Amino acid sequence: MNRTRITRVGAIAAATALTIGGLTACTAGDNTGGGDGDVTITWWHNATADPQKSMWEDVAAEFEDAHPGVKVEVTGYQNEDLQRTLIPNALASGDAPDVFMVWPGGEVRSQAEAGHLKDLTDVLSDTISEYGATVKPWQVDGKQYAIPYTFGIEGFWYNKDLFAEAGITDVPKTLPELEAANKKLKAIGTSPIAVGAGDLWPAGHWWYNFALAACSTETLQKAIPALDFSDPCWVEAGELLQDFVATEPFQPGFLASSGQQGADSSAGLVANGNAAMELMGAWNAGQIGSLAPDATVPEFLSWFPFVSVPGTAGDPTITMGGGDGFGVYKDAPDEAVELLKYIASEDVQKRFAATGAGIPAHPGANSSITDPSLKLIAEGLAESSYVQLWLDSDLGPTFGNPLNQAIVNLMAGSGTPEDIVKALEDTAAAL
Amino acid sequence: MSTITQAGPAVTAGPAPETPARPRRDTRKWLEIALLAGPALVVFVGFVILPVILAAVYSFYNWNGLTALERFIGFDNYIRALSDPVFLKAIGNNATIAIASILIQGPLAILVALFLNRKMRGRTFVRAAIFVPYVLAEVIAGLSWKLLLSPRGGVNAVLENIGLGDLAQPWLANPDIALWVMFGILTWKYVGFAILLMLAGLQGVPQELSEAASIDGASWWQTQWNITIPLLGPTIRIWVFLSIIGSLQLFDMVWVTTKGGPIGATNTMAVYMIQYGQGQPGFGSAVAVILFLISLVIALVYQRYAMRRDLGTDKKNEGR
Numbered sequence: 001m002n003r004t005r006i007t008r009v010g011a012i013a014a015a016t017a018l019t020i021g022g023l024t025a026c027t028a029g030d031n032t033g034g035g036d037g038d039v040t041i042t043w044w045h046n047a048t049a050d051p052q053k054s055m056w057e058d059v060a061a062e063f064e065d066a067h068p069g070v071k072v073e074v075t076g077y078q079n080e081d082l083q084r085t086l087i088p089n090a091l092a093s094g095d096a097p098d099v100f101m102v103w104p105g106g107e108v109r110s111q112a113e114a115g116h117l118k119d120l121t122d123v124l125s126d127t128i129s130e131y132g133a134t135v136k137p138w139q140v141d142g143k144q145y146a147i148p149y150t151f152g153i154e155g156f157w158y159n160k161d162l163f164a165e166a167g168i169t170d171v172p173k174t175l176p177e178l179e180a181a182n183k184k185l186k187a188i189g190t191s192p193i194a195v196g197a198g199d200l201w202p203a204g205h206w207w208y209n210f211a212l213a214a215c216s217t218e219t220l221q222k223a224i225p226a227l228d229f230s231d232p233c234w235v236e237a238g239e240l241l242q243d244f245v246a247t248e249p250f251q252p253g254f255l256a257s258s259g260q261q262g263a264d265s266s267a268g269l270v271a272n273g274n275a276a277m278e279l280m281g282a283w284n285a286g287q288i289g290s291l292a293p294d295a296t297v298p299e300f301l302s303w304f305p306f307v308s309v310p311g312t313a314g315d316p317t318i319t320m321g322g323g324d325g326f327g328v329y330k331d332a333p334d335e336a337v338e339l340l341k342y343i344a345s346e347d348v349q350k351r352f353a354a355t356g357a358g359i360p361a362h363p364g365a366n367s368s369i370t371d372p373s374l375k376l377i378a379e380g381l382a383e384s385s386y387v388q389l390w391l392d393s394d395l396g397p398t399f400g401n402p403l404n405q406a407i408v409n410l411m412a413g414s415g416t417p418e419d420i421v422k423a424l425e426d427t428a429a430a431l
Numbered sequence: 001m002s003t004i005t006q007a008g009p010a011v012t013a014g015p016a017p018e019t020p021a022r023p024r025r026d027t028r029k030w031l032e033i034a035l036l037a038g039p040a041l042v043v044f045v046g047f048v049i050l051p052v053i054l055a056a057v058y059s060f061y062n063w064n065g066l067t068a069l070e071r072f073i074g075f076d077n078y079i080r081a082l083s084d085p086v087f088l089k090a091i092g093n094n095a096t097i098a099i100a101s102i103l104i105q106g107p108l109a110i111l112v113a114l115f116l117n118r119k120m121r122g123r124t125f126v127r128a129a130i131f132v133p134y135v136l137a138e139v140i141a142g143l144s145w146k147l148l149l150s151p152r153g154g155v156n157a158v159l160e161n162i163g164l165g166d167l168a169q170p171w172l173a174n175p176d177i178a179l180w181v182m183f184g185i186l187t188w189k190y191v192g193f194a195i196l197l198m199l200a201g202l203q204g205v206p207q208e209l210s211e212a213a214s215i216d217g218a219s220w221w222q223t224q225w226n227i228t229i230p231l232l233g234p235t236i237r238i239w240v241f242l243s244i245i246g247s248l249q250l251f252d253m254v255w256v257t258t259k260g261g262p263i264g265a266t267n268t269m270a271v272y273m274i275q276y277g278q279g280q281p282g283f284g285s286a287v288a289v290i291l292f293l294i295s296l297v298i299a300l301v302y303q304r305y306a307m308r309r310d311l312g313t314d315k316k317n318e319g320r
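Sequence lines, in order, name chains A and B.
Residue numbers for the first sequence follow full-length UniProt numbering, so the first one is 1 and each next one is one higher.
Residue numbers for the second sequence follow full-length UniProt numbering, so the first one is 1 and each next one is one higher.
A portion of the hints provided could be inaccurate.
No more than 30 Å apart at the CA atoms, straight line, and that leaves these computed lysine-lysine pairs for DSS-like [as the list claims (entries may be wrong)]:
1) A/K53 - B/K259
2) A/K173 - A/K53
3) A/K183 - A/K173
4) B/K259 - A/K422
5) A/K71 - A/K222
6) A/K71 - A/K53
7) A/K350 - A/K136
8) A/K350 - A/K160
9) A/K422 - B/K89
Because the hints were derived from the structure by calculation, they are not lab data.
Keep in mind that this is a model prediction, so the values were computed, not measured.
Same shape as in the complex, but just chain A (with noise of 0.2 Å):
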């Protein structure tokens, strides 16, 4: 029995041993590992499919042929685990990424506040005027925290064949040409917008839509920074789209369709023909492509910007858009600063926009877009006045699930215009 004993605790004390001894093996391993270089960069980006995702694999090599002596380890991570699990945890422990990626509005402005982002007005200043206004949505207080590297607005995706089909010949410019469309579709038998309200935000997009024309530019430059919801228009917005929904334009059971997961979602839906249209960012194209029967862009696909609503006060030449950008970390090494530079600069650009994943942020590249859908988006870019962040990035994190969860309930019947406005007001309040 003692020998038993012994030889258990002996067993025990050697597997403690060995997970110690593992424990420490890993954190060792983790401080040599830039060993082949001088400098390690890290980069995280977002993009975990192809063409993107190699394209940024190349870019990175490229930069370390450059440069010899500095190494970069680039990894793209699905997009919103990094948003807002493995950024907030990075910064928030203090062992963050180099580059990474950095969301407009709200998010730069909370990670700049906190002191995570590098002041990139200076050293890289050349890039930025090179860049024009796509920057601004970057700038906190003035100052540049990140570079954009892909732009959009938002409008409908559409297919061609089925518009045709229903026998409409010029696509909708304002919301009673839209609801005529709508009329023509259903008589086709087909759904005539699919939305992705399961997701929230897909619908959320709808009101923010509706606020762009209910709202001057001047309540919208002034109300946002100041979260001042109390002018009129945030209501309308809300009443606006209660009738819209009233005309009943969205596929049935669309509470629970996710956006982009599945056949069965409303870029499902448009990839597969079974519904006309999609409110959706400058990034549909792949998507949709990414659901259809041969896994690629249908050539039915075209795309026109948000409609204008007749007797509001809204500028029907505000469009609403968002993108994507890099920053820098306070403590990473100059060479990150380099980094973010090369993938800014103009050739990399122009080859973002040969690879159709998205309408490149500097001005001089959209002569490389290939695809007429995202050609047609960057028209209506250049012919913006004024583009408005997503509400709910240009808000803040914390605005998202409150307003886009007000408008569904609006959307289902169970909330009021007066309700959304009202879950805006106590999110500020919470601030």
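Given the structure of chain A, go ahead and fit chain B onto it with the hints provided.
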């Protein structure tokens, strides 16, 4: 009660009656305990106790997760959560699921277990088949159901093909029925576990008692009702406990299928915590603490009153 002697004998833990004579033995005993429990204890404190304490600390701050903890706001996060109708509805949904589980899954599981406990052909196969959903990964099961129950999904297609097209509907998108559809999925997923527990419990019910009863002229149903089910008590009580805790912490199935929608019809406390905690971990922590306290209070009350005998507070019984 006579049940106890049946399962009992193996439980008595070895060295208790020996009184350690020499202090050397004592030291060695403690060393052994430290070695055995030490690593687990370190992990437990580091990954369970510490996070709970930290969450409690965070919950008193208005904090976005990026800055230092500076803005102490007392109980404001708690007041905000508990006065939010969305959260109150989520608590209600958790309670509905917990109660419905006990009232519907429990009797169902006992019935099936009694049935499967009889000798018959293909028993092993049926037992295995019933347990399959429980073994299936939650996300896979959730996605499958999401696809099956979507407006253009398999369930509606089947209904239309058998002439019941009128019943076809967007199952998870209809706020009036979504919670019950969700409960159906959960029952499909978890009743196998309940059946397995009950079957295991039935193995501890002595055959002799039923034999004696049948000699006395009791019918099969009378035997089950008067003998088997009462003797199954400890198993039923532990299952009810597990079921309540599981219902309170329900997250993955809801997240995968509906994300708590439509309009909060299937929302639960854990889903609310993730959604509304975004960008404000302080508030999220307050919701987590509320969820923790509700679970803790229910667990303690239940253990105190319902499981007292099963947990060996009563000397005659063995441990769980």
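Results for each hint:
Distance restraint check for A/K53 and B/K259: the Cα-Cα separation of roughly 29 Å lies within the 30 Å cut-off, and the hinted pair is therefore satisfied. Of the supplied pair hints, the one linking A/K173 and A/K53 is violated, its CA atoms being roughly 36 Å apart against a limit of 30 Å. A hinted pair counts as satisfied when its Cα atoms are at most 30 Å apart, and A/K183 with A/K173 qualifies at roughly 15 Å. Restraint check for B/K259 and A/K422: satisfied, since their Cα atoms lie roughly 23 Å apart, inside the 30 Å limit.
Between A/K71 and A/K222 the alpha-carbon distance is near 45 Å, which puts this suggested pair outside the 30 Å criterion. For the hint linking A/K71 to A/K53, the alpha-carbon distance of about 18 Å falls within 30 Å, and the restraint holds. The hinted pair formed by A/K350 and A/K136 meets the criterion: a straight-line CA distance of about 21 Å does not exceed 30 Å. At roughly 28 Å between alpha-carbon atoms, A/K350 and A/K160 fall within 30 Å of each other, so this suggested pair holds.
A C-alpha spacing of about 18 Å is found between A/K422 and B/K89, which places the hinted pair at or below 30 Å, so the restraint holds.
This entry does not satisfy hints 2 and 5, going by the numbered hints stated previously.
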